[in-house]
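Trainee: The primary structure of each chain is shown beneath.
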Amino acid sequence: MNSHNDYDLYKAISEKVREGRKIALATIVSAKGSVPRGVGAKMLVDPGENLVGTVGGGCGEGEVIEAAHEVIRTGEPQMVRVDLTEDLLSLSPAVCGGTMEVFVEAITE
Amino acid sequence: MTEATQRPLTAIEATAEVLEALQARQPIAVVVPVSGAKELVGKRVVIRQAKGGAKRLVGSFGDSDLDAGALALGTKRIEGRRASREGVHELESSSGATIEVYVEAHHPHPDLVIVGAGHIAQPLCSIGSAMGFRVIVVDDRPEFATEERFPEADRVVRVDFRDPFADIPMHSTSHVVLVTRGHKYDYECLRHLLQGEVEPPYVGMIGSRRRVRAAFSQLQNEGFGERDRLSRVRAPIGLDIGAETPVEIAVAVLAEIILQWRGGTGAPLMDQERILDRFFKEPEPR
Chain A
32 MNSHNDYDLY KAISEKVREG RKIALATIVS AKGSVPRGVG AKMLVDPGEN
82 LVGTVGGGCG EGEVIEAAHE VIRTGEPQMV RVDLTEDLLS LSPAVCGGTM
132 EVFVEAITE
Chain B
5 MTEATQRPLT AIEATAEVLE ALQARQPIAV VVPVSGAKEL VGKRVVIRQA
55 KGGAKRLVGS FGDSDLDAGA LALGTKRIEG RRASREGVHE LESSSGATIE
105 VYVEAHHPHP DLVIVGAGHI AQPLCSIGSA MGFRVIVVDD RPEFATEERF
155 PEADRVVRVD FRDPFADIPM HSTSHVVLVT RGHKYDYECL RHLLQGEVEP
205 PYVGMIGSRR RVRAAFSQLQ NEGFGERDRL SRVRAPIGLD IGAETPVEIA
255 VAVLAEIILQ WRGGTGAPLM DQERILDRFF KEPEPR
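If you read the protein sequences in the order shown, they are chains A and B.
Going by my numbering, the first residue of the first sequence is number 32, and it counts up by one from there.
Going by my numbering, the first residue of the second sequence is number 5, and it counts up by one from there.
Don't take each hint at face value.
What follows is a set of in silico ranges between Cβ atoms, one per label pair, in the way DEER data are often shown [unchecked claim]:
#	chain 1	residue 1	chain 2	residue 2	range
1	B	Ile279	A	Gly69	18 to 24 Å
2	B	Gly186	A	Lys63	48 to 54 Å
3	A	Gly128	B	Arg145	51 to 57 Å
4	A	Lys42	B	Ile262	21 to 27 Å
5	A	Lys53	B	Ala41	23 to 29 Å
6	B	Glu277	A	Glu80	23 to 29 Å
7	A	Lys63	B	Gly270	22 to 28 Å
8	A	Gly69	B	Pro240	47 to 53 Å
9	B	Gly122	A	Thr116	48 to 54 Å
10	A	Thr116	B	Ala72	35 to 41 Å
DSS-like mimics (lysine-lysine), calculated; alpha carbons at most 27 Å apart, straight line [said to hold, decoys possible]:
#	chain 1	residue 1	chain 2	residue 2
11	B	Lys80	A	Lys63
12	A	Lys53	B	Lys42
13	A	Lys53	B	Lys59
14	A	Lys63	A	Lys53
15	B	Lys80	B	Lys42
16	B	Lys188	A	Lys42
17	B	Lys80	B	Lys55
18	B	Lys59	B	Lys80
Covered stretches of chain B, as calculated for chain A (at least 3 residues, CB under 8 Å) [said to hold, decoys possible]:
#	stretch
19	104-116
20	150-157
21	190-204
The set of hints was computed from the structure by calculation and includes no laboratory data.
Heads up, the beta-carbon is just placed ideally off N, CA and C, and yes, glycines get one too.
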């Protein structure tokens, strides 16, 4: 039932590329345990602009955004492994308890 | 089977295919290599579905085994409903090299067709719309089938219940809820649905045990069998959550639709997971 969001995200990709923005797309391609968003969740990173979509809020998103910036610089796609199992009992709000793999790639014309 | 392009699509070409498919209300699957041959990582092929259901590959990995594998994975993803089966799979090329591919499918916006524009139809429309359905409300009474009563609906249509779906095409993502004011109308609409060209994935009919029994025995007398579509009609409609008010009934109906779409059990998670058993030897009396 989430095809609506997919449509909006794909639309954003196509608009940003048409505007000549340098963007990266992050997609959760596998997940184990408790993660905030499931496989297929996507985030569009356009440095200096707001993020479109999310791969999990505080949970590991920082790592993914960093990788996205690097991917935009180098043009080389990356698989980011995010481990959220550490510090399960810490009081940080960003603790979720699972692991996920996020494929990060630059999208160009 | 493949188109003239004997190369994989770029991400942006695949994006255009996805947008075009969803606008045309067709499902589509995307296959993306995420590890393996470097020249393929981040490229795409997509699997499109023609009207009759036949699948075709757009783009090519330049290897017949990889293409056949991608087509098979995409076809499975288009036909299966559970989102949780998306993910990474291994494919082997003709030369024995393996690549890992990520597969995802996109389905057009599901429709929620509400037949009968009464007091249960209103919360069905607003909650259904919030869930992401394209809502279509139909009734034969002009004073009920109004946009003012259904502000979130995509379409509010006045129809003749003797041929209610003449202008409402059914497809593989239509969910139909029969909540007309009288059992006679529910029965007639159900009859049309059972005979329609496409079987919607969800057809539910509201009604007391007696009313449902009456409608089903009449349809059986007319030759609709136990093993065909009639047996898949959800009647009485909804999950048993003790719903009483119109809003609660709408929640029970939509919960059943989610259950069918996502494939849950409908049982409380607490009873399934039994995490608390480890904490309390004797369960607390309820």
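Trainee: Next step is simple, just say for each hint if it's right about the structure.
Mentor: A quick look at each hint next to the structure:
no., hint, in the structure
1, Ile279/B to Gly69/A: 18 to 24 Å, "holds (21 Å)"
2, Gly186/B to Lys63/A: 48 to 54 Å, "holds (52 Å)"
3, Gly128/A to Arg145/B: 51 to 57 Å, "holds (53 Å)"
4, Lys42/A to Ile262/B: 21 to 27 Å, "holds (25 Å)"
5, Lys53/A to Ala41/B: 23 to 29 Å, "holds (25 Å)"
6, Glu277/B to Glu80/A: 23 to 29 Å, "violated (41 Å)"
7, Lys63/A to Gly270/B: 22 to 28 Å, "holds (25 Å)"
8, Gly69/A to Pro240/B: 47 to 53 Å, "violated (32 Å)"
9, Gly122/B to Thr116/A: 48 to 54 Å, "holds (50 Å)"
10, Thr116/A to Ala72/B: 35 to 41 Å, "holds (38 Å)"
11, Lys80/B to Lys63/A, "holds (22 Å)"
12, Lys53/A to Lys42/B, "holds (21 Å)"
13, Lys53/A to Lys59/B, "violated (33 Å)"
14, Lys63/A to Lys53/A, "violated (31 Å)"
15, Lys80/B to Lys42/B, "holds (26 Å)"
16, Lys188/B to Lys42/A, "violated (45 Å)"
17, Lys80/B to Lys55/B, "holds (17 Å)"
18, Lys59/B to Lys80/B, "holds (10 Å)"
19, 104-116, "holds (count 7)"
20, 150-157, "violated (count 0)"
21, 190-204, "violated (count 0)"
Hint compliance for this structure: hints 6, 8, 13, 14, 16, 20 and 21 are broken, all remaining hints hold.
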